[in-house]
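Participant: Spelled out, the chains give:
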Amino acid sequence: MSLPALELERVRKIFRRKSRSLGKRTPAQNGKKETIALESLDLTVARREIFGVLGPNGSGKSTLIRLVSTLLLPDSGTIRVFGHDIEKEEFAVKRLINRVSVDAAFFKKFSPLENLAYAARLYGMPMSEARGKMREILLRLGLKEETFTEPMERMSRGMQQKVAVARGFLTSPSLLLLDEPTTGLDPYSKRDVQAFVREVRESHDATVVLTTHDMDEAERLCDRIAILDRGKVIALDTADGLKTLVPKTNGHDPTLEDVFIALTGGRMEDKELEVAE
Amino acid sequence: MSRLVNESRGAYAFIERNVHLIKRYWGWELVWFFYSLVNSLAVTYIGAGMERISGQPMDTQYLIMYLLVGTLIWSYLSMIFYSISEMIAWERWEGTIEYTFMAPVSRPTQLVGTTLFAIGYGVFRTLLTLLIVAAFFHLDLSQANLGGAVLLLFAGSVSFVGLGIMAAVLPLLYPERGAQMTNAAAALLLLVSGVYYPIATLPGWLQWIARGSPATYVIDQMRACLLHRAPTGSLLSTVFPLIGAGVGVIVVGLFVFQHVERYAKRTGRLKRSG
Chain A
1 MSLPALELER
11 VRKIFRRKSR
21 SLGKRTPAQN
31 GKKETIALES
41 LDLTVARREI
51 FGVLGPNGSG
61 KSTLIRLVST
71 LLLPDSGTIR
81 VFGHDIEKEE
91 FAVKRLINRV
101 SVDAAFFKKF
111 SPLENLAYAA
121 RLYGMPMSEA
131 RGKMREILLR
141 LGLKEETFTE
151 PMERMSRGMQ
161 QKVAVARGFL
171 TSPSLLLLDE
181 PTTGLDPYSK
191 RDVQAFVREV
201 RESHDATVVL
211 TTHDMDEAER
221 LCDRIAILDR
231 GKVIALDTAD
241 GLKTLVPKTN
251 GHDPTLEDVF
261 IALTGGRMED
271 KELEVAE
Chain B
1001 MSRLVNESRG
1011 AYAFIERNVH
1021 LIKRYWGWEL
1031 VWFFYSLVNS
1041 LAVTYIGAGM
1051 ERISGQPMDT
1061 QYLIMYLLVG
1071 TLIWSYLSMI
1081 FYSISEMIAW
1091 ERWEGTIEYT
1101 FMAPVSRPTQ
1111 LVGTTLFAIG
1121 YGVFRTLLTL
1131 LIVAAFFHLD
1141 LSQANLGGAV
1151 LLLFAGSVSF
1161 VGLGIMAAVL
1171 PLLYPERGAQ
1181 MTNAAAALLL
1191 LVSGVYYPIA
1201 TLPGWLQWIA
1211 RGSPATYVID
1221 QMRACLLHRA
1231 PTGSLLSTVF
1241 PLIGAGVGVI
1251 VVGLFVFQHV
1261 ERYAKRTGRL
1271 KRSG
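Sequence order for the protein chains is A and B.
Take the first sequence: its position 264, counted from the start at 1, is 264 in this note's numbering, and no numbers get skipped.
Take the second sequence: its position 47, counted from the start at 1, is 1047 in this note's numbering, and no numbers get skipped.
A few of these clues could be false.
To be verified - The list that follows gives simulated cross-link-like pairs (lysine-lysine, DSS-like), each with its CA atoms no further than 27 Å apart:
id, chain 1, residue 1, chain 2, residue 2
1, A, Lys133, B, Lys1023
2, B, Lys1271, A, Lys88
3, B, Lys1265, A, Lys108
Read the hints as simulated data drawn from the structure, not as lab findings.
Given only the sequences and the hints, what does the whole structure look like? Please build it.
Facilitator: Here's what the structure looks like:
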């Protein structure tokens, strides 16, 4: 039996921030504010799985992705990527992963090709191999050849996000972490990216962890879906399996959105409570 | 072997990236170069005008060279310092810090790439400044030991790399104020290192701080080398301790950086772009 792509065991992450209030502070306001981002999280993602993570804002999705990306360290618990511990074997983990985030950042004055070349060199790719691959992926994602050498700052948000996706796929990661990758894309571009995710799983034996607020996307792409709320997994199953957790409304089968709202309680206050993750 | 190849590709990524940044921000570069050139000229003109200011006969040529060596070497060393200390600040400004820190590139590799770029660009800018300044003043290099000067420049570079790494920790720890704090550190070095005056001019407690600045020794010996043709052999008693101390500070700097990076990951400080 092959190693799981990703294993989290009792992972806990708390953010502590100094309380800052304008004007006079009471003694209580001078203390540190604690936000539990992840609470004793256990999760296993199998190799070649497309694993979805849904959750309200502030539920810990981005913290989860950033922990696996080695950008955060857990307070307790262990995280392994293909058997490598992210703290003890950080370098081995970094070679296996890549990440596309919703707020992907680039050198804004560089062109897509320059940004991708920088990424390729960081990941030790020979440029002879990278040059062809960069063009191939950008074209596959629907970018026009004449935009390849334009500064990124002149591009639309959607086009920039496509370059971010290209950058994530360029290094052929074994575990790809997609943190709301299609936010801000038009429906055509969304479809392009989603088709490409499936294609990469088939052709490169890649495992994908995808966080999204787009229920259709989760249902269309993911083999299994975890719903995260207040740092805990409150449900984990296939999309069809999740739908059995909620009763029919007015004789209609529940949608994934119904399940999400029913399980997370539709609390608007959580949406305001964006954790500084 | 493959690790070495990957690391050299990683180091080259930072050189190429910095070259691109210079090209893309050429307007800013031009402004800063002009500012630094005018600064060098203004300081050197103080030497040219000293006889008139004091009303006493003076060796004006010597004063010009004294100030010019100080201003040029400081310009070079501060360039090394800023290039390295800003390696994190740049990532914060561009918002790319998470991408770079997630990549399989070690911090020493990032440092090697950044340092090679800083030395190359620093030498280019300093030589260009020297060429332009030479059009304004008669520069007498008849007493110069140029080989010794190159050796001192190398030793000075090594010593400033370590200081740069120490300062690079600040933007990692303090996303909002870190970059300004490195400016304060550079300003203190400028005050105490004898760039424009002998450190004996300073009060005792500042002279004590001056002894901890590598620039003090580099600039002092550079003057001996360029104005008094100090033989290369006599420079070695400065060069070896400078390189030794520089390597020591680099090792300590990397150790500190590694721990601060872990602290930043523990507390989620990589995300905040400030």
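Participant: Identify every previously stated hint that the structure contradicts and give their numbers, smallest first.
Facilitator: none
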